[in-house]
Each structure stands twice: as C-alpha cells, then as structure tokens.
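Enquirer: Here is how the chains run, residue by residue.
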Amino acid sequence: MRTAIRRSPAARLSARLGAVFVEESGWEIPASYGDDAAERAAIRDRVAIADVTARAKVDVRGRLPEGLPLPTATVIARISPGWVVVFGGPDAETRLLRAIEPVAGPGAMVTDVTHLFAGFALAGPELPAVLERTTSWDPTTLAPGEATGAPIAEVRALMIRRDLDVPVLEVYVATEFARYVWETLSGVVAGLGGAPVGWQALRAEGWT
Amino acid sequence: MSERLPERQGEAIRRDRPIRFRFERRTLSAFEGDTVGSALAAAGVSITSRSFKYHRPRGLHCMTGSCPNCLMQIDGIPNVRACTEPVREGMRVERQNAWPSADRDVHGWLNTFSFMMPPGFYYKIFQRPRWAWPFVESFIRSKAGLGTVPREPDHRRRRKIDLHPDVVVIGAGVAGLAAAAEAAGAGATVALLEQGHEAGGHLPGEPDAGLRSGLWRRVLDSGVRFLPNTAAFGVFAGMLVAAAGPDDLFRIRAKHVIFATGAVEQSAVFPGNDLPGVMVSSAAHLLVHRYGVLPGRRAVVLAGDNIAYSTAWALRDAGAEVTVVDLRSEGGWPEGFPVIAGSTIVAAHGRRRVAGVTVGPPGSTSGQKVRCDLVVIAAAEVPSTNLLAQAGARLVFDDARQAFLPVQMPDRTHAVGAVAGARTPEATVAQGRLAGLEAATALGYEIDVAEVGKLREEAAAVGDTVVLPPEVSAASGKQFACLCMDVTSKELKTAAAEGFDSMELLKRYTTITMGPCQGKSCMLSSQRLCGRATGRAFAETAPTTARPPWVPVEMGTLAGTRLTPRKQTTMHDRHAVAGAEFMWAGDWRRPHHYTTPEAEVDAVRNRVGLIDVSTLGKFRIKGPQSVELLERLYPSRFSDLAPGRIRYGAMLNDEGVILDDGAVVRLADDEFFVTVTTGNTAALERWITWWNADWQLDAQVLNVTGAFGAVNLAGPRARSVMAALTDADVSGEALPYMSATRMEVAGVPSLVLRIGFVGEMGYEIHFPSTYGEHLWDAIMETGRDGGIAAFGLEAQRILRLEKQHILVGQDTDAESDPFEVGLGWMVKDDKQDFLGMRALRDLKVREPIERLVGFTAPDEWLPPEGASVVRDGAWVGRVTSARRSAAVGSVIGLAWVPADSASDGSTFEIQFGGSHAIGTVRTAPFYDPHGQRLRS
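Chains as they are written, first to last, in numbering that gives the first Met the number 0: chain A, 0 to 207; chain B, 0 to 935.
With the rest of the complex left out, here is chain B:
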C-alpha cells in the first residue's frame, strides 16, 4: 500500500501548508504542492477508477496525465486527471464509472461476461429480435461514457490570445528549458509552453533537481515568456500552434517552433498488467521525489536498460524492498539489488491490488513467484511525436532506440530531447541548446559559433541500446494493450483475423488509441501487437495518423470570448434616451419602435416623423468613367441624369436577378452618390469594386457609409420643419421630388434628397456623421410644435408597405427578375451593355410564371411572412410581407402568386398552420396611389 514519507530534500510539497479536501465521504489531508493523485496515494487509496468497459479496478499509472486510470469528477467537472490536478482547499473529489463506489462496484459483473463483449459486439449480438434493439441500445448507452456532465452553465470568461514570438518552445522539460534559454539569451523573443503547472519535466536518470533548477534560472533571467498549464494541442496550416490554458486559447504564430514534447513511458503487456499497483517509472519517481509518497513497500522493477535502475535506487532509498527483473541476459547492470536477469514479468497477480508477479524468460508460461505490492515498468517509452507529425515531420523507425523518430523536420521547426530520441541528460541538454542557437541564428541574432560543434557531438550521443519487453506474455489471462478502451491482446488478434489487418483499421474497429489517452500510453503495445497479428515487424507498423487535439480541450476554450461586432449610428444614445426598443438589422442596432408602431405611423401620415436611416449603404463614385461604371452596373440609364437629380436604381447580377436597390444621385458630371440597402453594403462594395477593377474603368469607388449620418423627415408638416432649419429654399419648386442639393441644416453642411420611402413628402438628409446628435436634437426641437415623432423600423415597414415599395431580399429572392416584380420599366435594354442584359433580353420575351403583387385581406387574421399561397391544395406561392394598415382598414401585403392570378381584383388563398384567408390583388399602391403626397 502507498504511504506518505517523512520530509525529503527537493520535494515539491509544502508541509507547512496543509490542505483538507473531500474525497467521496471522507475528508483527507494533503499539502500545498500535492496533486489529487499524490494526496490519494499518500492516504493509501489504491483504486482510482473503474475501467471504461469492464469496470476493472485501476490505480495510479503514469502521474503525467498520459493514461486514463485517474480520471475523476472534481468539483463537478468530469474526467479531470487527478494525477496532475493540484489539490485545493475544500475540493470535492469523486471517482467515476462505478456504483455504488469504485471500491465495490456492482458493475464488476461486466468483467465476468467480457467474453460476450469483444470489439464490435454490438454489431454482432443484439441484432435479433429487432424490436429489442431500442432497449438494448439505451442500456448500452447508459453504461457507456465517463463522468457526468455538469448541468450548470459555464460562464467563465475565456480569451483568445494571439502571440507572435520569434520562437515558441513546446515543452518545458530539460530540453525545452535549454532551447528557450539559449534562444532568448541570443536576443530572440521566446514563448515557452508547458502543460504541467511547473517546468522541469521528468528526466529518467537525473533525479537530482540541480540541472533543472539551473536551466530554469537561465530561462527566468533571459526574459522568456513562460506559460504553465498551457498545453499545445494542434499544429495547423502555416505552422500555427494552438494551445489551451486554463481559460485562454493561444494562437501562436512563431518564426521558429521547437518541439520538446518528450516521451511517454509505456507499460508492458502481461496478464494483470492493469492491476492497481502496476505503474510506469515516471509515476514512481514523481511520487517519491516530488510528492514524498512511497508507492509500495515491496517493489518489482522491470528494467530494459541501466537508466531503469535510477527507479530502483529511488524506491530503495525511500525504504522499499526492491527486486529488479532485467530483460537483458548479460551483465553490466548496477549492483545493490537482487536481479533476475534475462527475464520478464510473465503475469501479475492480485484482485484489488497487485500482490505478486510470476517472473521468467520471455516466452515462458510460468516461473519464479515474487511477492510485491508494487510493479514498476521501466523498460519502454514512446517519443511524443503527435504534434511533430501534425506539423509535417517524417518519422522513421530507429533500431537502436526501438522507436519512430523524426528524421525530416519542416522548415523552421526543430525536435529536441526525448521526442528526438535523446536518452541521456547530456544529449537532451545539448539538443535543446543547439536548436535554440540554430533558431536564433536563422532569425539573424548573433551566437557563439564555437559552441555549436561541441553541442552537435553531445547531441548525437546514443546512450544504452533499448531492450523492449516481449510484445505479449505467453501466459493465459487478460493482457491489456489499451487501458482506455479495455482492449486486450487477444481481442486485437481476433480483430486482425476478422480482416482488420492494419493499424488504421484496427484502431477504428477496436477503438484502440481512441480513448482519453489518444494513444499516449498504448501506441507501443498497439503497434507491436498489430504487427504481430499481421505478420509485420514493429518497424513496419507506423503509428496512426496524428490529428488535433492532442490533449483534451474544453469546448468553452475553443469558443473563447464572444466578440460580436455591432454597428450603431451616431444618434444611438438619442434613441436610447427616447425609449427605443432596439432590434438587430443585420449587424446594426436599430430602433424597432419608440412608443407604438401604430402611433408612429399616425404621426408620419398626419403630422411629421423622423427616422434615423444612417445605416443605408453609401458610396461615393467619382472619375472620368464614373457614368460608364454605373451604366454597366445598373439596367437603368444614368448618362442623361442631370447633376442635382436622383434616379431609382436596382442592381442586377449577370443572371438578371435583382441584387439590391437604392438611389443614385448625380452630384457633378463625374461624381455620384449612391445608396444601397443596409444589409447589403459590404457585399455590394465587393461587387462594385470587383467589377470596376475587372473593367479597368477610370473611376474611384469609396464606401462612405459611416462618414454620413442620415435621417428621413417625412409627413405633411415636413416642409415647414425643414424651412425652419435652413436658410435654403426647400419649396416644391426649388427642390422638387427626386432632386438633391447641398445646404446647411441646423448649421450642418448636408446633402438633402427629396425622396421618400414611406410615401409622404419628405427629405432625406445626409450629413457628416459626427454631427448626428446635434442634428437630431435640432430637428426634434424645431418640430416639437408641429407634433414631430421619432419612428422606428416597424412603422417604416408599415408605411412602405402601404405604398407597395419592395424590400430586396424580403420581397425578392435569388430568382427574382425586374419583370416579375413590376420594375421592368427601368430596364433600358437599348444600352450597349450592362450586367444581366443578355438574361433580361431572354426573360423579356417570355411570360413570367409568377409575379409579386400587392393584396388586401380581411382584418381578422394577419398571415405571417412566409405563409403559403395555395391553389387546389397545392403550394403555388408565398406571402413576403404583411401588416395591418389603419389607413387602408385591412390587412395588406405583398405575395408571389401565379401570373394568371396577378391581375387587379383576382383572389387567391393564403394558408398557414390551420388558418387561412382570401387575398385580393391590388396592383396600385394601397395609399396615395398616384403619389400626390410624395410629390407635393
């Protein structure tokens, strides 16, 4: 059983700062610096979880976050890796995937019936009777999964942070520290990422922390930006490194990337290899040295090289009785322990914790029995090449190191340390320093060139040849290749025999390497067993394709801070003060209404109203060929438009479909002011500038939308209000309908258009936008005696509908041409050319199949926009706009109807849900059909 040791030199825990936390129904003690895993080990907790499928008891295995054995629910968050999660005062820790407890899990029966649940069993069993499948599926789903998702929303504030250092170093172990210190020392800006909460990593064979602390001091002194608790999870196009911190998503675009991602120790495959008490050497080292915990009193260490003996010494010095099982037959191993040479672990025994092992030569089914409560595998590691592979590195099998190592790195990237195959502290440090210097040189910083040759020699030091444990034990019993998904060696063999005979197929069928560890702790066993099952050597069985994320990333981190750009006019505060209810109109915030839409409509029709129309898209088009540009963009003619006059224009695409509409104002011979609809401005800017560039016309186009605020002053009293605001003549004679002029309004230089969307006499005033509040105040104050009222979008929609003015995009769609919507009059197809001309010539000679028409309907039911127009039960059209009109005394609207139902007085049926009404076609505007008020 594990227990806390007396205080030791170099430990990371603070024994003067005790912490208490809840572990299920108990309160346990720990120290600041402990992780949940180390604290539980100190308290003698052996079972940290139950396995995913078979609910087998599992214990601490790696202490580096690389395996699934310690996933726990901590403070309500599921699947937290307890081995690396710092313990906090008052924390609530619960084990997962067990009931009623991990110590006594009733679902342990699943292990007994595991023979019924090989990989893919759900495809084979439970197919008959078919009616049972929904129940079976529901049962399987209830047993699957790990942890309980919290119901409470997560409102944590997260950020996205973009970094552009000269060099990013991924991994703050010894190699990473060396690389960062060297590059920063030469003058480069360096970001150093470390997924753990402190730097230093784990270096087998270097239990003394002096090397690490020396490098750490150099890093601090050279201004490296250290980002702890920040794990790189992906490398994307352009060498973009993505990393997740506790609350931040980092997007790092560095000029050089140094991968110091280390290696992950691998277990061995033998019966009982998943028992609590079986762990890899990093776990033993970290528990003893960093956390002051003895993981077991009687230890068996499986060694494949001399480095493994550092683990044996560490355990012995901490008070354990140690036996070494050395895979090598011949000498050279250090003294001080009983060594069983030329042997491996044939099987481990125990129920809720390992109690002993059988040791014998590889291939044996029996052997010497050794009692123990701790088994440490110190015989194999796999370089963490996933991120390198994502970056495009080429991996090739290295016989001496028995691993796939990077041999060809993409430009501006480097691999150093254990990930590059370094097996000694000297080689690890040298590789790191060399990469730092190479990056700094490539960036133009000066370095000490004499160092480089020496470092190259040290970096190439090979270290001991690695002897791997057998691929599998010859003894009988469950031997786990994948701890995450409970996949055994026998299941892999069966799957290969069924035809899934490559790593990629085996992965998809058995789910091996697809669990929480993503292959970190099982890639070696998977590859070797796949090779064994398919008759291939380990060297011929490459790892599976590397894809992000390499480590788990919270969805909230990926979402990040929600920056939602919004547009507001310069009069926004005035609307807010006036009590406006705002709505989204595209990405603008606009007033929907101030009082009620009906009252606002009444004000415009009978007195005077004011609306903020600053959101209209506006373009300044100037140049010797500005007329030619407009002639080609629009089907209308503008060459005969005199300066000071306005013409309505609808832009078409090259299929003759209506894109947008607005006003074209000629300011001078070679200058125009063009308005377009609010929501289409950006698209039209691209459209207009693209065509201008394509045609290479001598005309400049500038989007001046934000430069000009705009208001529409409309109603029978609009003229008198306007007259009080300016010295200019605003009479009907001086400023007739569809004309424009410059004047000062309330002291503000403005462009005034006699134009109207709402069907009343009105002025559209465009002015430098920063005068917005002043002008709004001046107009409202001047119009107060005349009963002026601000009106919002809803009132505007009612007013324009009464005039049957269309809204492009609402009343039209991606197939609407001008003939169908009653705008054929504006098409001047005798022009030389314009966008859509060929299509329109063809459309002109054909009868439209459908038309957009106005209609009235009884007041009892207001059809929603989108309601169906039906004939004989079949859909034949739709309602695009509909409102109740006080002026008309009924429901009014616009709808697409078959062409043979489009004549004045025709009727058609409207349906939506269970409601229906009869619409009567009105081809003329419902209100002021001859436009007298508008033109007055």
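Isolated chain A (complex conformation):
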C-alpha cells in the first residue's frame, strides 16, 4: 500500500496550472511552476499566489502565554484575546501541540487544525488591487505581524500580514472552500498580470 500522503484540496487545480510537486514531511507541496526566475519576478514586481495549506496549524481557545519556546518559523496569530492560531512548517503540528498543551491553562482547548484550514499566500506590490476585488475589508487596518478575521470572496477567512520586502498576506479559509477560493483568487491574480508561485520562489524571497 502506498504511503499516506497529504495534499492541499486545491492541489489538482494547481497541477493544471503547471505546479511541480515535491514531497516534504508527508505532504505534497507545490515547489514551483517551472520558472523560478519568473515566479520571483511575479512576487517582486506584480502579485503572486501560493498554496501554503501544508503549514501546521494549532488552534488555541483560551490564553496563550507570551514568550513560549516554540520551533523556529512559528507564526502566532492572535485573532482575539481568547483565540490564537499558531502556524508552523509542514508536519510541525505534533511538536506545537506538545509545546502548547501543557501551558495553555485550565479550560483551554488546543486543537490540531492543520486540516481545518487551507491557506494561500498573496505577495507582491499589487496585493492591494487583489484585495479590492475580493473583500470589503480594509487591509490598511492590519499592521505587519498582526492577524484578524475578515471575509474574502464572500467566505470567512483568517488574515495574517507577513510583509517581506513586498506586502504579503496569508489567507486561511475552511478546507471545504479551498478550491473555490483558489480559483477566485488565482483568477484575480492572473487578471492583474500576476502568477501562481511555488514554495521555492517564496522561500527564496525570505518567506518562512
């Protein structure tokens, strides 16, 4: 029997756009779309979209203390005082759970939501134009490093601002909407002269 492999719900749609997949930590991730230089240019000069569903995600309902010793490349999205979502690299959920559960406090609920959310990173100077066409939310209200809940393409989403040299917004939606949101966002990105990009190009531009 084949080894169990995890895939983003939008993987088949990415494949149709030319995504090249590699296996990483039990996931098939879209590493590139065949032209690394063009992908990096899309990030720097126009706008790009990448499927980052493979990121580990842990939902904490309750209080998460500051300064926890967590693996590198962890991103903590504090949505509200009683709700935090912690993001890590592929397959990091077990380590995150082990680090968070003991300190989350009585009454807190810590859940592996890696599979609850599909994620897409939008990056590039034309990112505001993508958002104008897909959400009524005001992105200027979100500072770098902050997170919030807002609608996108008429569905609820978590937004995390993770600027590099260019604006970067990670958008997480319920898995069941993944294909629809990917199609909608990538269509808008393409309409603005942007392109889908793989993890290779994203990482090369400093994303973790």
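Taking lysine to aspartate or glutamate pairs in the EDC-like style, the calculated list, with each CA pair at most 16 Å apart, reads:
(1) B/K159 <-> B/E553
(2) B/K159 <-> A/D137
(3) B/K254 <-> A/D137
(4) B/K254 <-> B/E437
To give a feel for the contact side, a few chain B residues facing chain A, derived at Cβ under 8 Å:
(5) R158
(6) P564
(7) R565
(8) Q567
(9) T569
(10) H571
(11) R619
(12) K621
(13) L701
(14) T704
(15) G746
(16) S768
(17) T769
Hints in this document: simulated from the structure, not taken from any laboratory.
Just so it is clear, CB atoms sit at the ideal spot from N, CA and C, and this is done for glycine as well.
Position chain B relative to chain A; hints supplied.
Expert: Then chain B, alone, in the frame of chain A:
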C-alpha cells in the same frame, strides 16, 4: 444651424484622427474626442429626440448629461446620453421615441391633443366604458417608455471593487482637482471620481484651460487615484459612497468625503423654451471650446450676471452674431454687444428649431422681436446637492446666490465649489484646497498652517449677486417646467389647485423631477412654480427628498460578479474522474450518482459500497462541563455514555421542535465528537455557541467540519475490506455497533465509528481531510476484488428510506416534535433541564394529531415528494419521501398522516395532479426490520 468651426486652440478633438459612424441611414464624420452630441451638432443635426409624452422636437440642451434631450439608442443600448458619450468608429446611433423618424414623427399629433392629457389623465379619462380599459391601457403602455430594451443577454464581466482611501473626492472639476491635489500632497491616499471621461469640469468665467491643466498636473504628480467615467450615485449608511464605472461597482469607505459635485445650469420658463436651439451656457461653452462647433450663427444670450458674458464672448469670437438680454436693469455689464437691459425672454418662436424670440420686461406679454437660431440661457444654476443630502447635509436657502446651499455637513464630509455656492474661480479653488487641507489635518498629516487663513478668506468670496429669470412668462403658450416628463407651468398650477399643494405631492402627481434627469435640470423651475402656485416664496420650497441612485446605473453593474461560494470535499477530483454527476446539496457539490442509483444500491446491499460523507457537520466539544452542555442541548442522556460509545441524538429547540439529528461520540470523559446534518452546520454552530455562552459553561466548541474528511464503507463485505486496510481488530466483538475507536486506516490516523445510515454493516471513517485522495484510492483499490462501488446521494436516499431513517428538514418541518416522528424513546424528561423540556412535557400528555409513517404503494406510479394525502377530498397530510425499492419490490416512502390512520396496515389516499395511489402503512423498516445486518 450648428456647424464645425476651423481648428481652435485648446480644443479636445483630434482632427488628425477622423472617425466615421452610422447615424440612422447616414454615415457621418467626427473626430476622436468628439461626443455623439458634438458630432451631430457639427453635422447640423438640430433634432436629437422627441419628448416623452407629447413627442415635441428637442435638441442639445446641456452637453453635460443633465437633461433628457439627447437620449439615443447607441449600439443597441437605449437611453444613452449622446452629449457625453464618446464617439467610436463604426458606432450605430439612432434617435428614440419617434416613428418613422425624429425629423418626421407621426406621433406629433399627441402634442396637438395635449389638452386631453394633463397629469393624471389616465385616472380621469378612459374610466368608462370599463371593458375598454384593457385596450386603452395597452395603447398607453405602448406609447410610454423610452428606447427599446435589447433582447440579447449581456455577458459583460463586471466587478465589485472595495476601496478604502483616506479621502474620496466626488467630482473632478476645478474644486475637486484642488481638493484632491492638496490632500494627496499632504500624504493622504486619495480617490478622485469623475462621471465624465476627463477631469476639468466646466467653470463659467474661466474659458482658459490653463487653470484646469495646472491642477491636473498637480493631481497626477501627487499619486491621486483618478477614476474617470465613474459616477457616484449614492451615499449610504456609514458614509459608504457607491459609484458606477463602465463595468465596475465601487464601494468606497473613505475616512473623509469631499463633495465637489458642482452645479447644473437651469433653463428659463417661457413659451417655446423646449425648442431645438435653446440651450444652457454650459452647452454653448463646451461646443465652442471643447468640440469646435458653433451652435448657431445668430445667438441671443439671457444673462443674470457678468459671468454670463463669457458665453457671449465665446460665441462672438467663434463667429456668431450675439445679442445679450440682461435681466438687470442697471449698468456694469461688459461692452461689446447689443444689450437689451432689464428684460427677459418673453417667448421663443419656431417649429423644428428656434427662429426668433420676443424680448421684454418681466411680466410683459409682448415686446421686441429678435431673429436668432440659438438661445443661450446663462442666468441660473442649481448646486448638485443630492449626494450631500443623502449624506445628511442640512440645506438652507441663500438669498445672495438664490439657491439652497449646505450649511451643516456631517462629520468627515466637506462641500466645495459650485455645490457650496462658489461663483468665482478664486473661491472655487480656495474651497477645494481648504477642504483637502482640513481632511489631511484631521487624518494626522502635516500641512502648511499659514495657508489656511488666506484660503479661508478667498473661499468666502461671494461674487455677483444672482438675478434669476421670472418664474414663468406672462405670454401664452406651452412653457415647460420639466423637459423629461413634458410638464408645463399650467399643468403644475392646475395640479396645485386640485390639492397637490407641496413639492412632494406635485412630484408624485405630475411626475415632475421623476424623469431621466431626476431633477437635475428642472428642480429650480419646479420649486419656484410650486411656490408660486401655493403662495410660498422660493426660499420656503425645499427640493424633494434626495434618494439614490442619483445617476442611472445598469442593473448588471449592481449585480456585479457572481461570486458563488461552493464547498467541495478533498475527494472531489476522485468523484469527477469516476464519472460522478454532481448536484448541489446546500452549498456543497456532491455526487448524485456515478453509474445508476439502482446499480449502486445493489452494490451496497450485496457487496460493499463507499460514499463520501465529508460534508457532515462535525464539532469537537471539550471541557469540564462538556457533558452538561450536551445534556442541555439534547433531550437524550449523555452522562451515562461511556468513552468509545456512540449515541444517536436529535437536537430540539425550546418549543420541542426537531432541529437536527446526528451522532454523539464520547472520546474521553471531557471530550465529545458530534456530527450534524450537512445543511445545518452553520446554523447549529451559532445555536450551540450561543447557548454555551448564555449558560456560561466551561466547555469549548470548535467546528471541525473541514478538518475531517469522512467516508462510509457499507455492505456485507465491508468488514473484510476494512480488515485489509488496518492492523486494528475490526471484528464485531472488538468494534460493536454504536462504538468508536481510533486506528490507522491505510496508514492514516482515523476515528472509526461503527454506525450506519444505509442499513448495512458499516464503518464511518473520519480522518484528517487532506488525506482524502490517498484514503479513497486505498479503499477502492483494496475493495476492488470484493466488487466495491462508489455510491452517491441518490442511492443513499433509497437505502436510508428502506430503513425508514428520517431526513430532518425533509421528513420533518418547523412543527415536528419527537413523539410524532417516532423518536419519543430518546426523550429523557427526568433530566434536570434541556432545551424544549417544558414543551415536550406538555406534548407528551396530548395525543398527536398526525404522525410520520412509512408506507408502501403500488409500483405503477411514484408519488412526488410533497404529494397530498387526502381523505374525503380534503388535504390531511403529505408525502415527504418516496422512491422505488428493488429490495421491497414496490414504491416505499414516508408521509404525514392523521394519527388515526397511522397504525400498521392502515391505508390512505395519495394524490398529485391527476394521479393517485393507495398507501399502506408500515411502521417497521421495510428492509432488515430487526437491524440484524446493521448490527452484525
């Protein structure tokens, strides 16, 4: 007659780029930069339309899109304003509301019989004989309306765009440009809307384009986002500005809104004031300066102040012979023209175009005759306050400007330029700059404070006092107050005498200000004539209530891009590859069938089937009081449910009505996994979290629907397939019916429930959803030798119906309680409390009036869901589910029947359309009534 002028400095047309277009049966020439209106004027076309009601000839009037006179059918689209529509190569232009042509319209007889058609005439005439009304109404309707709606569907792609600038400026005339440049220069993000295709507006008294081009350069240099061809049409709650572009709907939520919407020139009221060749000064200016067209050779200009003389000069410099009729009696007017002072236009004369005017003191019925082919009214304008009023501005009458001006603006809004009463270029620019600076300051940007004092002085400059023309001429003849709806001054007077004695009543009865211009070009005359008819001064007659849309908006623009969120499981592609026919189940796409429902049912009953049930709602409930939460939400008991066990639960509302049903799995002492129906997940999430918050229980609730994919493996061979997929013991002893355990299935960590909806031995496997394709492939591959088949929703419905498993929402409705549907066994009313308990105690002691029962019926006719259950010809119930069952050999179904017909073996009549059948009640499941296969 109008004609093209030789090339002029500053014109907007490109004479090196000729364009040809079709105008009815002719091909005409134009230049890039022309509008259809200017091109027709250059070709000498005087009649641009026929009026709405009386089919009177009309000509270019405003050239700013503010009147109805040039509405034309262009490239199949009706009611396009030709005066502002840029001309394009190959365009097809036709005039409307005339037959066979606007030049020779046979319906001109309506003008002759206009005395029979005063406002509201259809309420008064044609009431008798009553039998004639349908024909009369049909005739009136055929004559009403403007233009022909195109039959072809409009598939243009439109978008909705949400903007959040610091400042939005509405109007890119001089004031708007100044405001935008100043705010952006201070660092604010600025969006500048302009309904025309270029910035600059129209500034009487400033024919030189240097001021405008200088401001435009500043706007470009400061990064303002300019949106041409984008008209703001409404201001909604929260200061949301809505604007329509050619293909986009803009929703703009700015921190500050600057209204620079300008003013609209108004005509004067006198006999013949609607003749082709009578226009306002903006039309004359634009035709001469922008489009290089002389609108007439012999012009009479009606002036109310010195600014009007700029129009006279413009026409004279272009080669026209000009006479000025000045409303003012005393001097100070510029030289260079014959001026008839202290006079007004008593009447205009002509048939298909103005040929002359009678001029005399106000109040006279006769006077000096002046021959002309052009009359320009440069004596009145009305600030465009509609959007400000929508925003909540308070308007008060200003005597010096003879207009209603904003005196109190809502927070974070500003009014500048002509809309605020500015009458000089200096005041216009100063007001714009000041508003831009004030907005920037309020937003925290730094400005040059020293400028502000100087600008305030300049902004307050009043300019000439305005002298308005008389409300109406004393001469006889039709004098139009409203060009759109053909309403005359006499008709307004009559309507007021009939009791419609306020602006709002006059508007509704006569339809004045309700036409295509929406009051832009007739509000002044309407207010003054209303006041005159009702004995009120102009200052006491406020404009009508402002409502959106202020400009016409295409329905397609309001609809925008159709974003239809859809949910799909992680196995969706596998279903597609397997040939699934998809259907909507709520907002999910689900396989209806793959081969045929009958073949799929057969596979499940005799071999093994696999269905994707990922759409089930799933909740994780954890915490010290999670049991208490469930005890209160459900009528069932869960405190005695052991970890690893499952119990069926139906949630009720506080009236005891069934909301939903599903499985409750106890994972640990303080942790549960709950499933609910697909379509109810969002509502139940709200329901559960609301009650949890209200009761303040120490329990956390998380909707994990998308986190877990789920499949149901069911059939006599399900166990052998399952055994090949896992090392865990899946025997009946190790994993009995209604138990749950965690195990790896095909290497995927899963929660496996021994549960079944389809009545066969089965496993419901819940797993991290991103393993979906892997798991589906593994199960299908492993089950191939055993004849596994994927089955869809239709097969599932047949299978569950054979077991009489209900579907909440289909078999139940908003009044169904557990006793009526045979679920009374699950109600534990000895519990302390639960939602619906009080209602159920009351219901329990009463006999139900009706019950949900299973039934069989002959195979010949399948009653549709919703078919009636009748007794003695009266409706007494309905069929909720019905299918043909191969296993049972007949039609089977569920139906609501009177309680006295609900015992096993009772019969009842089913009817639908002309068909009927006799149903026989079966209280036990049709298939495997004792559940042996399910529990094996």
